[in-house]
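K.L.:
Residues in the first sequence are numbered from 3 upward in steps of one, following this note's numbering.
Some hints could be false.
What the hints assert, rightly or not - Per label pair, the in silico range of CB-to-CB distance: (1) T135 x S161: 21 to 27 angstroms; (2) D352 x K81: 30 to 36 angstroms; (3) L248 x T303: 47 to 53 angstroms.
What the hints assert, rightly or not - Restricting the straight-line Cα-Cα distance to at most 30 angstroms, the calculated cross-link-like pairs of lysine-lysine (BS3-like) are: (4) K268 x K293; (5) K250 x K148; (6) K141 x K315; (7) K213 x K126; (8) K320 x K293; (9) K200 x K126; (10) K234 x K315; (11) K215 x K102; (12) K141 x K245; (13) K234 x K112; (14) K268 x K81; (15) K81 x K112; (16) K234 x K245; (17) K102 x K141.
Quick caveat, the hints were computed from the structure, so don't treat them as lab data.
Ideal Cβ placement from N, Cα and C applies to all residues, glycine included.
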Amino acid sequence: MAETEEEEMASAEASGFSDLSDSELVEFLDLEDAKESAVSLSKPGPSSELPGKDDKSVSLQNWKRGLDVLSPMERFHLKYLYVTDLCSQNWCELQMVYGKELPGSLTPEKAAVLDTGASIHLAKELELHDLVTVPITTKEDAWAVKFLNILSMIPTLQSEGRIREFPVFGEVEGILLVGVIDELHYTSKGELELAELKTRRRPVLPMSAQKKKDYFQVSLYKYIFDAMVQGKVTPASLIHHTKLCLDKPLGPSVLRHARQGGLSVKSLGDLMELVFLSLTLSDLPAIDTLKLEYIHQETATILGTEIVAFEEKEVKSKVQHYVAYWMGHRDPQGVDVEEAWKCRTCDYVDICEWRRGTGVSSSWEPKAKKLK
DNA sequence: ATTGCTGAAGGG
3 MAETEEEEMA SAEASGFSDL SDSELVEFLD LEDAKESAVS LSKPGPSSEL
53 PGKDDKSVSL QNWKRGLDVL SPMERFHLKY LYVTDLCSQN WCELQMVYGK
103 ELPGSLTPEK AAVLDTGASI HLAKELELHD LVTVPITTKE DAWAVKFLNI
153 LSMIPTLQSE GRIREFPVFG EVEGILLVGV IDELHYTSKG ELELAELKTR
203 RRPVLPMSAQ KKKDYFQVSL YKYIFDAMVQ GKVTPASLIH HTKLCLDKPL
253 GPSVLRHARQ GGLSVKSLGD LMELVFLSLT LSDLPAIDTL KLEYIHQETA
303 TILGTEIVAF EEKEVKSKVQ HYVAYWMGHR DPQGVDVEEA WKCRTCDYVD
353 ICEWRRGTGV SSSWEPKAKK LK
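Can you build the whole structure from these sequences, using the hints too?
P.N.:
Structure (structure tokens):
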């Protein structure tokens, strides 16, 4: 198995990207995009050029219009979304948006819980296979490593019956979704089961809002995985969204690992075709069962196990609703009043627009938040 | 890089 690692560990997060001057920079960059969009959207009528306007006022006008016409996908410069983006959106859409606008603003307490969860997941993965670091420099390299992983994991699943961290991707409602399935295995009945481990700080089962989010997550994985093995995720669709360059030469370390895996691939295009063939011709079934397992971080006590019923119609309509935001077809929403308790642990409670409108903020006050 | 670009998930 291989994982990727940027050759240069230049970290944007470590250099104060979470202060306010950063968001100003982002707005400025958006202005450039907005110009183009506004130009291409303006009607080519005869009187489209208004005389007497100087450059400054024109560009300001375009900037304002641009903010309206740019979809969140464009504003955030995203070519695809992560499965967990839609899941955060399921928890609170507005919180997810603030998270995109102000990245790296988690409190240390939350970060610590996430770190613990991540290490437990890593330990479980290492029980199953080793990890090798593959230096990469381009996004083509990154996808190539992902493909190499898929190509080695499919036979392993079919022969040994269990794999972890299986990459999935596929177009859903016009947007490319990318994610990683925690675990896939065959049960004693010969059914293909997806198992998602959730580690918890406190030794109690989550409330229903959290469970709903987790149900949605595993349902999305099945949605995408099934499409992949059924040949519905084509190389063409992937290229269309990611703008991958098939003729760009792969990095030496990637080529080396491909050879070590017994593959004589020359290009990314070769690799994609192999992945497509392996996915569709390996007799992989659709996922039969979706299982969630909750364990206590500190003691590893099993808190509970849930089998999730896959409701395709429901998953699809949720995705449609979430994607409508990303496409710019509607504004982001905060939580319903009944779920305003979520705001108590939200890092953006002080700046949230939604709370001003719903009136929940006047009747009660969450515990004081530390100002950064 | 003024015209670029992405490990996903991690828990509540």
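K.L.:
Now, for every hint given, state plainly whether the structure supports it.
P.N.:
Right, here's what the structure says about each hint:
1. Distance hint check for T135 and S161: the Cβ-Cβ separation is about 25 angstroms, which falls inside the suggested range of 21 to 27 angstroms.
2. For the pair D352 and K81, the supplied restraint of 30 to 36 angstroms holds, since their beta-carbon distance comes to about 32 angstroms.
3. Between L248 and T303 the Cβ separation comes to about 49 angstroms, which falls inside the hinted range of 47 to 53 angstroms.
4. Taking the CA atoms of K268 and K293, the gap is near 39 angstroms; set against the 30 angstroms cutoff, the hint is violated.
5. Between the alpha carbons of K250 and K148 the distance comes to roughly 16 angstroms, so the proposed pair stays at or under 30 angstroms and holds.
6. For the suggested pair K141 and K315, the alpha carbons sit about 34 angstroms apart, so the restraint of at most 30 angstroms is broken.
7. Our distance criterion of 30 angstroms between C-alpha atoms is met by K213 and K126, whose separation comes to about 22 angstroms.
8. Proposed proximity of K320 and K293 is supported: the alpha carbons are some 20 angstroms apart, at most 30 angstroms.
9. Of the pairs offered as hints, the one joining K200 and K126 holds, with about 12 angstroms between alpha carbons and a cut-off of 30 angstroms not exceeded.
10. Annotation: proposed proximity of K234 to K315 holds, straight-line Cα distance about 18 angstroms (limit 30 angstroms).
11. For a cut-off of 30 angstroms, the pair hint linking K215 to K102 stands: about 19 angstroms separates their Cα positions.
12. A threshold of 30 angstroms between alpha carbons decides the hint, and for K141 with K245 the separation of about 10 angstroms falls inside it, so the pair holds.
13. Note on K234 and K112: the hinted pairing is violated, with a Cα-Cα distance of about 38 angstroms set against a maximum of 30 angstroms.
14. Taking the CA atoms of K268 and K81, the gap is about 26 angstroms. The hint holds against a cut of 30 angstroms.
15. Taking the CA atoms of K81 and K112, the gap is near 28 angstroms; set against the 30 angstroms cutoff, the hint holds.
16. The straight-line distance between the Cα atoms of K234 and K245 is roughly 19 angstroms, inside the 30 angstroms bound, and the hint therefore holds.
17. For the proposed pair K102 and K141, the alpha carbon gap of about 21 angstroms is at most 30 angstroms, so the pair holds.
Hints 4, 6 and 13 from the list above are not met by this structure, while the remaining hints are.
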